[in-house]
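K.L.:
The residues making up each chain are set out below.
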Amino acid sequence: MTPPALALGAWAQLRSGAARILRSSTFRLALLYVVLLGASVAILLGFIYWSTAGYMDRQTTATIQAEIRGLAEQYRRVGLGGLTSLISERVARDPVGSSVYLLVDDRLERVVGNLDRWPPEIPDAQGWIRFRLREWGPARAEEHEARGQVFSLRGGLRLLVGRDVRDLEATRALILDALTWGLAITAALALLGSWLMSAGLVRRLEAINQTSREIMEGDLSRRIPLSGSGDDFDALAASLNRMLERIEALMASVRQVSDNIAHDLRTPLTRLRNKLELLKAELPETLGARTLAEETIADAEEMLATFNALLRIARIESGSRRSAFQDLDLGPLVEDLVELYEPVAADREQDLSYGGCGEAWIFGDRDLVFQALTNLVDNAIKYTPPGGRIRAQVGVEGDCILVEVADDGPGIPAALHTQVFRRFFRVDDSRSTPGSGLGLSLVQAVAQLHRASIALLDNQPGLRVRIAFARAQPRTAVESATAAETA
Amino acid sequence: MRILLVEDDRQMADYLRKALAEAGAVVDQAAEGREGLLLAASGDYDVLILDRMLPGLDGLGIVRTLRASGNQTPVLFLSALGEVDDRVEGLRAGGDDYLIKPFAFSELQARVEALLRRGTADAPETRLRVADLEMDLLKRDVSRAGTEILLQPREFRLLECLMRHAGQVVTRTMLLEQVWDYHFDPQTNVIDVHISRLRGKIDKDFERPLLHTVRGAGYMLRAE
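Chains as they are written, first to last, in my numbering: chain V, 1 to 487; chain S, 1001 to 1224.
Chain V extracted, bound-state conformation:
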């Protein structure tokens, strides 16, 4: 691969890995945990905020109210004069400090106080007001936030008592900032943690998945790798491995038994056939018994053929024979097939034609694929009435090589589509047409060996069988030899 292709490949792998983690239930569980944790932390921090910033707020309110109580006392005892003198005294002590006083007359002109103008902000029902202090601070150049209470006195006079809350607000902002960051960091750490945790779990689950897939493809000898930590994943893997060993042993014994039966029956059948052949040679050619011997030989051969077909399907299904796999262009192969069967179709007055499309490479067993497609074409010829049209076609669709055999015969009812692949199943119950009922079973076994999918479609009228192989890039001889060895 060239460097950009390599980078692209690595990127695609990374992306698919990330997608797998995002889809995993562990990650979703962890995400839910992050949300719950985030909510708890938010509530906790909210309480902290309320108890700190809120405390400072209440403190300010209490200070203002204490000052108001002092002024009100003075006003009640000594009257307006006492009030103004007390305010002037306090202002003189600290002209631009934390306390704010302003007494105005009915035209909003200042009577006494350390504020120049009555603030334009409107007080609420209790007389509380938030306003801005302009030209404030030691140099009278700053603008501060303040809070206070407004009272109406006799004679249209109005009094504002307040406090500079700039430092308070700054502290409150600081606390809020710290708490928000705290929440964000908690969430980020939790997310990262859950990502790492689920990546680890996904990796171990993927190992189990990968092994299962390989086993389903026929390699029963595969086992799930153990991490050696002895955790519950290892325990699960060990249990699965023990189960696989048991299945493998059972399957081996079943295969052994069926192989033995097939072998044990095949051998005497072959001997029977051989003896008949010797017998036939002894008989003079004119005798009727010779014809009988020939017919009996043909019967024995038919039985042997069925046995061989059964054994062959079993062998292919066990998925153990990929050693003959090679890069294979299906175009010429199907063309050969059509050429081979065209005279047979012509004998039945059928039109068998080939449709191709450039190169159609797969990685497969040449003879097995040919055998499977032969069975399809043979079926089409057998079940399509004279005058019918049969078309064998090879096409490329994305990453798939599609091989189709289509006829305009009676077709197969959709209800039977899954059954036709069963061994010895015949659509024609009367069994009037010759055949063993093993043809499509073999096609399916070959398709499975090649990880190809097979579909029966309605050709309207007739049957269209489609096999979709994975497309292969034709390789050099050396590369395909190594691939065949490792397959």
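Among the hints, erroneous ones may be present.
Said to hold, decoys possible - Take a look, some chain V residues computed to stay more than 12 Å from chain S by CB distance:
1. L22
2. M56
3. P123
4. R130
5. R246
6. G355
As the list claims (entries may be wrong) - In silico BS3-like cross-links for lysine-lysine, where the CA-CA straight-line distance does not exceed 25 Å:
7. K280/V to K1018/S
8. K280/V to K1101/S
9. K1101/S to K275/V
The hints are simulated quantities; they were obtained by calculation from the structure and are not laboratory data. Quick reminder that beta carbons are idealized off the backbone N, C-alpha and C, glycines included.
Starting from the known structure of chain V, fit chain S onto it as the hints suggest.
P.N.:
Structure of chain S alone, referenced to chain V:
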């Protein structure tokens, strides 16, 4: 014709020996691999028929040892393994042909004869001739009694195969393997249809047929 048969199945071996003897061959027999190798290396045989699975030393081992010592006697493998990759393995080891059990004796006989013929063929031929039927392998044309016969490429290869084995039985399976180069079970007798087409071209307008059907075995092209 001297044949060495190495086969551990006694019944099968007896049957083959009897049938081969009847066909006019002198047959030596071994039931064990090492004994088979000893006989094969010392005796002067025209064809070796070896079972793949043998006690002692298996068929592949015998062939590898023989070929390594320069012995080029044609070898026909018999095998119940019946898988294409086994066939490939057998041929790679130095075998010349491969027959899967169970087989008809006629199939074995035809293949043994083909192996014998191959052993004697010397210079590559450019012209094939059977009676008045002639084939020019360079110009790729065919004529019978001076009249040119037009053949499709596949029909040409089919006729070539039959002419190279003129006077011998060629089975349907041999034709599928040699003319079409696929090892498979055709179910229908596809070959018969191709033969009848070929027959229509080379025999139809002539008094004496050359292409004969051998019942229960296959086909034969012969002059008589």
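K.L.:
Run every hint past the structure and note whether it holds.
P.N.:
Tested hints:
no. : hint              : verdict
1   : L22               : holds (43 Å)
2   : M56               : holds (86 Å)
3   : P123              : holds (98 Å)
4   : R130              : holds (90 Å)
5   : R246              : holds (28 Å)
6   : G355              : holds (20 Å)
7   : K280/V to K1018/S : holds (14 Å)
8   : K280/V to K1101/S : holds (20 Å)
9   : K1101/S to K275/V : holds (15 Å)
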